[in-house]
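Those sequence lines, one after another, are chains E and F.
Residues 0 to 451 (numbering that gives the first Met the number 0) make up the first sequence, in order.
Residues 0 to 451 (numbering that gives the first Met the number 0) make up the second sequence, in order.
Just so you know, these hints were derived from the structure itself, not from any lab.
Just to be clear, a hint being listed does not mean it is correct.
Copies of the same chain are indistinguishable here, so a pair counts whether it falls within one copy or spans any two.
[Said to hold, decoys possible] Below 25 Å or equal to it, Euclidean Cα-Cα: the simulated SDA-like pairs (lysine to any residue) are: (1) Lys357 - Ser276; (2) Lys413 - Asp95; (3) Lys357 - Ser10; (4) Lys145 - Gln189.
2 protein chains.
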Amino acid sequence: MQFELTSEFLSALREDMERLDSTTVAAKVEDLYPQDIAEILDEVTLQEGQFIFRLLDEEIRPEVLMELDEDVRKRFLRSLSSEEIAQYVDLLDTDDAADLISELPEARQSEVLDQVEDEEQASDIADLLTYDEDTAGGLMAKELIKVNLNWSLPRCVREMRKQAEEVDTVYTVYVVDDNDRLVGTVSLKQMLIAPERTLIRDIYDEDVHAVEAHTPAEEVAQIAEKYDLVVIPVVDQWHRLIGRITVDDVMDVVREETSKDYQMMSGISENIETTDSAFIMSRARLPWLLIAMGGGILGSQVIEQYEGQLRVFPEMAIFMPLVASMGGNVGIQSSALIVQGLANNTLGRDGILPKLLKELAVGLLNGLACSVAILGYAYFFGHPIALSMTISLSMMIVILFAGFFGTIVPLGLKRFDLDPALATGPFITTANDIIGLFFYFVIGRMMYGFFV
Amino acid sequence: MQFELTSEFLSALREDMERLDSTTVAAKVEDLYPQDIAEILDEVTLQEGQFIFRLLDEEIRPEVLMELDEDVRKRFLRSLSSEEIAQYVDLLDTDDAADLISELPEARQSEVLDQVEDEEQASDIADLLTYDEDTAGGLMAKELIKVNLNWSLPRCVREMRKQAEEVDTVYTVYVVDDNDRLVGTVSLKQMLIAPERTLIRDIYDEDVHAVEAHTPAEEVAQIAEKYDLVVIPVVDQWHRLIGRITVDDVMDVVREETSKDYQMMSGISENIETTDSAFIMSRARLPWLLIAMGGGILGSQVIEQYEGQLRVFPEMAIFMPLVASMGGNVGIQSSALIVQGLANNTLGRDGILPKLLKELAVGLLNGLACSVAILGYAYFFGHPIALSMTISLSMMIVILFAGFFGTIVPLGLKRFDLDPALATGPFITTANDIIGLFFYFVIGRMMYGFFV
Numbered sequence: 000m001q002f003e004l005t006s007e008f009l010s011a012l013r014e015d016m017e018r019l020d021s022t023t024v025a026a027k028v029e030d031l032y033p034q035d036i037a038e039i040l041d042e043v044t045l046q047e048g049q050f051i052f053r054l055l056d057e058e059i060r061p062e063v064l065m066e067l068d069e070d071v072r073k074r075f076l077r078s079l080s081s082e083e084i085a086q087y088v089d090l091l092d093t094d095d096a097a098d099l100i101s102e103l104p105e106a107r108q109s110e111v112l113d114q115v116e117d118e119e120q121a122s123d124i125a126d127l128l129t130y131d132e133d134t135a136g137g138l139m140a141k142e143l144i145k146v147n148l149n150w151s152l153p154r155c156v157r158e159m160r161k162q163a164e165e166v167d168t169v170y171t172v173y174v175v176d177d178n179d180r181l182v183g184t185v186s187l188k189q190m191l192i193a194p195e196r197t198l199i200r201d202i203y204d205e206d207v208h209a210v211e212a213h214t215p216a217e218e219v220a221q222i223a224e225k226y227d228l229v230v231i232p233v234v235d236q237w238h239r240l241i242g243r244i245t246v247d248d249v250m251d252v253v254r255e256e257t258s259k260d261y262q263m264m265s266g267i268s269e270n271i272e273t274t275d276s277a278f279i280m281s282r283a284r285l286p287w288l289l290i291a292m293g294g295g296i297l298g299s300q301v302i303e304q305y306e307g308q309l310r311v312f313p314e315m316a317i318f319m320p321l322v323a324s325m326g327g328n329v330g331i332q333s334s335a336l337i338v339q340g341l342a343n344n345t346l347g348r349d350g351i352l353p354k355l356l357k358e359l360a361v362g363l364l365n366g367l368a369c370s371v372a373i374l375g376y377a378y379f380f381g382h383p384i385a386l387s388m389t390i391s392l393s394m395m396i397v398i399l400f401a402g403f404f405g406t407i408v409p410l411g412l413k414r415f416d417l418d419p420a421l422a423t424g425p426f427i428t429t430a431n432d433i434i435g436l437f438f439y440f441v442i443g444r445m446m447y448g449f450f451v
Numbered sequence: 000m001q002f003e004l005t006s007e008f009l010s011a012l013r014e015d016m017e018r019l020d021s022t023t024v025a026a027k028v029e030d031l032y033p034q035d036i037a038e039i040l041d042e043v044t045l046q047e048g049q050f051i052f053r054l055l056d057e058e059i060r061p062e063v064l065m066e067l068d069e070d071v072r073k074r075f076l077r078s079l080s081s082e083e084i085a086q087y088v089d090l091l092d093t094d095d096a097a098d099l100i101s102e103l104p105e106a107r108q109s110e111v112l113d114q115v116e117d118e119e120q121a122s123d124i125a126d127l128l129t130y131d132e133d134t135a136g137g138l139m140a141k142e143l144i145k146v147n148l149n150w151s152l153p154r155c156v157r158e159m160r161k162q163a164e165e166v167d168t169v170y171t172v173y174v175v176d177d178n179d180r181l182v183g184t185v186s187l188k189q190m191l192i193a194p195e196r197t198l199i200r201d202i203y204d205e206d207v208h209a210v211e212a213h214t215p216a217e218e219v220a221q222i223a224e225k226y227d228l229v230v231i232p233v234v235d236q237w238h239r240l241i242g243r244i245t246v247d248d249v250m251d252v253v254r255e256e257t258s259k260d261y262q263m264m265s266g267i268s269e270n271i272e273t274t275d276s277a278f279i280m281s282r283a284r285l286p287w288l289l290i291a292m293g294g295g296i297l298g299s300q301v302i303e304q305y306e307g308q309l310r311v312f313p314e315m316a317i318f319m320p321l322v323a324s325m326g327g328n329v330g331i332q333s334s335a336l337i338v339q340g341l342a343n344n345t346l347g348r349d350g351i352l353p354k355l356l357k358e359l360a361v362g363l364l365n366g367l368a369c370s371v372a373i374l375g376y377a378y379f380f381g382h383p384i385a386l387s388m389t390i391s392l393s394m395m396i397v398i399l400f401a402g403f404f405g406t407i408v409p410l411g412l413k414r415f416d417l418d419p420a421l422a423t424g425p426f427i428t429t430a431n432d433i434i435g436l437f438f439y440f441v442i443g444r445m446m447y448g449f450f451v
C-alpha cells in the first residue's frame, strides 16, 4: 500500500532516463503521491529531476515542488521561469503558495506575484507574506468556508457551493456575523439533521477556539494539542475571521521544535540528517566539539593549579573524571526537565524558588545515595580514607550544585528571551565539569589536611 | 480568549468550596472547556475534585475524565460506581471509551461494559479492546460516515443523516463497495458541486491512504506526517473499513515518542514533570546517575591500572577529564543523529557500511581540527612535547572511535528490536569515557617512551 523508495527502483529509473525513455519513466511515477515523487527528486541530479518533473501532470507539479527538500526546491525554482512559478502558485493553497514565494529572492517575489493570473489569489498571498512566519498568520491559509449567522440552510448550501470551488478540503464551516466576526461553527452533522428551513443562528455552535494572527506558532501548537483541534481559525484584532490553520502545519511546528531541542542537547547546531554530506555533518558538529574542548581545557587548568597536590597524593587523579562527569550528568537532567516543561507548557504555576527548593530536595536524595555508594566502594576497595571522604563529599556537593545550576540557567535564559535549550548544550555541562573538579580539589585539600 | 489557571483563581475556588458555595463554584467552571476543568481537578484534592465534578453538566463529565492526568483519573474512577462509569462510557467516542475502560482493573472492565446501555457501543468498545494499544487498531475509533459506491447523492445524504446521529464530527465521508471494502472518499465539495442525480461512483476520489489495524502506531504517525493527513481510515486484512484515526491521537504518539527519546538522552527513566514530587523525580533520575557512576568507577579503575605511569609523569592527569569527556560528546552526536533518523524515517536507503564510512570521514575532519587545536594549545602553553603529542593523538583516536561506536550501537540495538535511544543514554557515553581514558594512557606510554 505504501511506496518505498528502494535503490533498485532508483537505479532502474536512472537507466530509463539515460535511454531517454519518457514513456517508461512517466508510467513509473504517474501513480505515485507527490510526497513519493518528491522523495525521488531529492535523490537524483537536478537534470534528472527536471526530466521527471516535465513528465508530471501540471496539477500535481506544485505539490511535488512543496514536498521537496528545501535546498533541492531552491535549485529547482532557480531553473524555472517566473511565469511557470506563477502558474504553480495559482494552483497551490494560499499558505503553501506564500511559503513557496517567500523562499524566492526578494527581487523575484514581486515578479512572480505580478504574473499570478487569479488576482484574488495574488492579493491573498501578498497579504499572508506580511506575517512573521513563526506566527499564526504565517501558518494560516485563506481558503475556508464561512456562512452568515442569519442565513437559512438552503441559502447556506448555495453559498457553500460557490465557496467550495475555491477550497479543496472542507474541514469546518465557520459562522460569522454581519461584520465578518467569527461567532462559531456549524457542523455538517447539524446541517444534515436540521429541518430544511432552519436558520444557521438556531443550530450553530458557539464553542470555537480561535487564535489571533500574531500568536506565536509554538503557542498555536500548544493550543491545538491541548484542545485536540484539527483546524484552528485565525482572527484579527477585531475578531474578524481571516484564515485557518490545519493541524499538519502545526505538527511540523511541533516536530521542528522538538528536533531543535534534541539537537541542542546532542551538540549539533544545524538541522542535519545522516543523508547529508560528511562536510555538512562536520560543520554542524565541530563547533560544539570545539566549545566542549575549550571547556575541557579550562578544566585542565583547574587541575594544573592543583598539580602540586596531585604530586603529593597522586591517587587523587583516580576519581577526577568521575566527579567531572557526574556534575555534567545531573546538570543535563535538571535542564532537560525545565526545557521540556517549557516546551509542553507543563512547568506548573509556581515560581523559580519552589522549583529550586524541589531540585534541592531531589539533589539531597540522589546526592546522598550516590555519595554513600561511592564512599562504600572507595573504602572497601582499599582507597585511603582521605580519598574516600573526598570523592564522597564532592559527589554530594557536585550533585547539589549541578542540579541548582541546571535549573536556574534555562529559566534565566527564558527570562532574557534566549533559547532555554542552550542550557542542555555543552556550555553548562562543561561548566559543571569544571566546577566539579574545583570542588574535588578544594575538598581534597581539606580532607587530606584532616586525615593525613 | 485562553483560560489560564492561576494560583489566585485556584485559592479563590478553594475558599468557595470550603464554604460549600456550589453556586459560585459552578458559575466559575461552567463556561470552561473540559481540558481547563481537568487542569483544575489535577491540582486539587480528590474530595475537592469530586465536589466540582458533581456540579458539571453530565454531558461534559466524560470529556473531563478523559483529560485528567492518568493518576488523578485512576483515583477518580475508583471513587465512581461501575454504573456511573458505564454512563460516561456511553457518551464518549469509542476510542476514548476503550482507553478509559482499559485503565480499569480487569475485573471491573466487564462489569462496566455489561452496564453500557447502547449495545452497539458496548460491542464496538469490546472489539477495540482486542487491539494492542500501540497499533492503528488501538488508536482508532469506530465512529465514521461511509456511503456506498452505487448510491445516488440524495440517498447518500439520507443515509449520512442517519449515521450522523452517532458521529460527533464528520471529517471525511468514506466510500465502500458492496463488500464493505474501502475504495475511496467523497468530499463535501464534490457533493456540493455535483448535480442532484449523480451516483457516488461518478464523483468519488480513489486516492485514499489507509492503514491496516496491526500497523504500529509510530508508522501511522510517520504516514500521517508524510502525507499531511488529518484523519486516516483503518482497514482489516480484507481491506474492509473498520475505523478511523484522527490526527490529535497521532500527535500524542509523536509527542510521547520524542519525549521518550529526549528523556533517554538526558538520563531520566520515567515520564516526569517538574510538578511531580521530589521523591518521584529522584526515583526517575537516580538509576541513571548510579549507572553513570558505575561507568565512572570502571573509568577510575583504568586510571588505577596506570597509576604507576601517573606517578612518573603526574602532568598526564591534566588532560584526563578532557579526553574522557570528548569521547562522550562525539558518541552522543553520532547516536542522536541515528536515533532521530530512525524516528523521522530519514535515515536513507543505504546500509550500515556507507554510514560508518561517512562517520569515519566526519571523524577525520573533526578529529583533525580538534587534535591540531589541542596540540597547538598544549605545546604553546608549555606542556612537555610528549604530553602534547599524547593528548593530540588520543583526541584524534577517541573522536574516530566514539563516532564509530555511537553509530553502530543504535543501529545494532534496532536490529535486535531494542530501543535505539538507549545508545544516547549513559551506557555509551560512559563506555566512550572509559575507552577514551584507555587510549590516552596507551598512547601516553608510547609517546613518553619515544620523546623522553
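Within, between, both or neither: how does the pair Lys357, Ser10 come out at a Cα-Cα threshold of 25 Å?
Between copies only: 21 Å across chains, 59 Å inside a chain, cut-off 25 Å.
Go through the copies and call it for Lys145 and Gln189: within, between, both or neither, with a Cα cutoff of 25 Å.
both (15 Å within a copy, 17 Å between copies)
Are the CA atoms of Lys357 and Ser276 at most 25 Å apart within a copy, between copies, both, or neither?
Cα proximity of Lys357 and Ser276: across copies only (8 Å, versus 45 Å in one copy).
At most 25 Å between CA atoms: does that hold for Lys413 and Asp95 within a copy, between copies, both, or neither?
neither (31 Å within a copy, 36 Å between copies)
Figure legend: structure checked against the earlier numbered hints; the only hint not met is number 2.
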